[in-house]
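Visitor: With chain Z's structure known, arrange chain P on it following the hints.
Number of protein chains: 2
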Amino acid sequence: MKILTTIDEIRKWVKEKRLQGKQIGFVPTMGYLHEGHLSLVEAAKQDNGAVVMSIFVNPLQFGPNEDFATYPRDMERDVGLAEKAGVDVIFAPEVSEMYPYYPQLTAVEVREITRGLCGASRPGHFTGVATVVAKLFNIVQPDTAYFGQKDYQQVQVIKRMTADLNMPVEIRTVPIKREKDGLAMSSRNTYLSEDERRQALCLSRALLLTRELFESGERNADKLNEAIKERISREPAASIDYIEICDADSLEPVAEIKGPAVVALAVKVGKTRLIDNLVLEG
Amino acid sequence: MKILTTIDEIRKWVKEKRLQGKQIGFVPTMGYLHEGHLSLVEAAKQDNGAVVMSIFVNPLQFGPNEDFATYPRDMERDVGLAEKAGVDVIFAPEVSEMYPYYPQLTAVEVREITRGLCGASRPGHFTGVATVVAKLFNIVQPDTAYFGQKDYQQVQVIKRMTADLNMPVEIRTVPIKREKDGLAMSSRNTYLSEDERRQALCLSRALLLTRELFESGERNADKLNEAIKERISREPAASIDYIEICDADSLEPVAEIKGPAVVALAVKVGKTRLIDNLVLEG
Chain Z
6 MKILTTIDEI
16 RKWVKEKRLQ
26 GKQIGFVPTM
36 GYLHEGHLSL
46 VEAAKQDNGA
56 VVMSIFVNPL
66 QFGPNEDFAT
76 YPRDMERDVG
86 LAEKAGVDVI
96 FAPEVSEMYP
106 YYPQLTAVEV
116 REITRGLCGA
126 SRPGHFTGVA
136 TVVAKLFNIV
146 QPDTAYFGQK
156 DYQQVQVIKR
166 MTADLNMPVE
176 IRTVPIKREK
186 DGLAMSSRNT
196 YLSEDERRQA
206 LCLSRALLLT
216 RELFESGERN
226 ADKLNEAIKE
236 RISREPAASI
246 DYIEICDADS
256 LEPVAEIKGP
266 AVVALAVKVG
276 KTRLIDNLVL
286 EG
Chain P
6 MKILTTIDEI
16 RKWVKEKRLQ
26 GKQIGFVPTM
36 GYLHEGHLSL
46 VEAAKQDNGA
56 VVMSIFVNPL
66 QFGPNEDFAT
76 YPRDMERDVG
86 LAEKAGVDVI
96 FAPEVSEMYP
106 YYPQLTAVEV
116 REITRGLCGA
126 SRPGHFTGVA
136 TVVAKLFNIV
146 QPDTAYFGQK
156 DYQQVQVIKR
166 MTADLNMPVE
176 IRTVPIKREK
186 DGLAMSSRNT
196 YLSEDERRQA
206 LCLSRALLLT
216 RELFESGERN
226 ADKLNEAIKE
236 RISREPAASI
246 DYIEICDADS
256 LEPVAEIKGP
266 AVVALAVKVG
276 KTRLIDNLVL
286 EG
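Chains as they are written, first to last, in my numbering: chain Z, 6 to 287; chain P, 6 to 287.
Isolated chain Z, as found in the complex (with noise of 0.2 Å):
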């Protein structure tokens, strides 16, 4: 497996793949790679002959309060486990090989279903977010790139971005990935204490009810919000930022579930903000 850091580098060997007929799949990341992340890889290696993951903590998408300088990395465990899931390729710049001047003038941004949800908490998110995957996107070139469900807006922000300026790329989402006790796997679950982390399966939980409820006949959003909520507040060390219940595609809030919803949850435990959500087929 190789290692580049400059876009000349990752360009050419993404150019050589090409020339050998292989398709090119891209897995973008922040790095400190859990299981989610390789079942990304697992999927593109399923459907290319080369793939490509990026490791970049993206200063852009986060807000000056964000945890940006501690977001945690460890380039060593990160190759390791690549290498290990069969990536072919890491492409690990730095920022001032993505960012040449910061902040740079030119943002892609996403509106309307940007509004809601990790939108409304965190602004500007999604610009950083936007816009960084259409650089790299314009970088590798990828056929197809994978994203992880567990955020669930990001993915719906980069499906919309990716066709209205109609980038070459196709979007692949593959599912949530969780621990056996089922909190959702994220780099930031690092930041939880023993008890925060005990705590902290109060999203997972909250949603497996909501799952029940929903299949024993509950449409009303009141209501399942209301279920939600009091699941989570038991938790002493769980305080909610936003629990939505959506339409799938516009993540528009809806008052009875009749189409495609999402379930989404951010709930801080402890300092640690963590999100979650549920699809219900309506």
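I should point out that these hints are in silico values taken from the structure, not numbers from a laboratory.
There's no promise every hint is true.
One copy or two, it doesn't matter: identical chains are merged, so the pair holds either way.
Stated by the list, open to error - Pairs of lysine-lysine residues, derived as DSS-like cross-links and limited to a Cα-Cα distance of at most 27 Å, are as follows:
| hint | residue 1 | residue 2 |
| --- | --- | --- |
| 1 | 234 | 273 |
| 2 | 20 | 50 |
| 3 | 164 | 182 |
| 4 | 234 | 263 |
| 5 | 27 | 17 |
| 6 | 164 | 20 |
| 7 | 228 | 273 |
Guide: Okay, now just chain P, sitting in the frame of chain Z:
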């Protein structure tokens, strides 16, 4: 020469040419071709084995009180001129092909360099330009794209966008093409009455005067500005939108010309808004 109207068709056409080992040159236009456009085709033919011209009047870059509906269109004439100039394929999509729903959610914004000049008089214009050019680049995937220097700020915006988003396209600027008497060629010149056409010469004449003053040593922007204003105000049908002397890259106004600068004008002659500019190697 082929005329294609769907994204799938033009992608397929370009792919074939690429498999034949040809470099792709791209000339994006809004049609109603004049010699300015044809000089872009000429440059594209010199550098590339295949030349794509797009003809698309982009609604996204027109303000609500601007001339989208009345913008001159003449596809038959354009086809004849393009074919004669050696264009290999015209991509002429309908609005519904480019914007399946309008306005789309995703926009490409370039900040700072879009604040002044035409950006100030035409809010949203450059976001519309950057967005459609990003789309066209992703659709056509050219090696090199050609733009006329008459739209100086537009060229800067596109160069900035291309660099910031790491688009794999080279941008070439082609000098302003002028009528024999000096008027910068523009599709909008067709709006001018005979009398306005005569008065419209004040733009190029004022710039000629600026060059003379500059060459005789004048470096003070206010002084040059005054001379331009005086020249233009001689024409009763002419009203100044802006006269700016700016750094050639950042487009920030300068007080004294010390490095490369651009003198940029927008003047309404009757109801027709015309632009022109002059680059001074300070």
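Visitor: A separate judgement is required for each hint: does it hold in the structure or not?
Guide: Quick rundown of the hints versus the structure:
no.	hint	in the structure
1	234 with 273	within (13 Å within a copy, 61 Å between copies)
2	20 with 50	both (18 Å within a copy, 25 Å between copies)
3	164 with 182	within (20 Å within a copy, 41 Å between copies)
4	234 with 263	within (22 Å within a copy, 64 Å between copies)
5	27 with 17	both (14 Å within a copy, 19 Å between copies)
6	164 with 20	both (25 Å within a copy, 24 Å between copies)
7	228 with 273	within (22 Å within a copy, 61 Å between copies)
Of the numbered hints stated above, none is contradicted by the structure.
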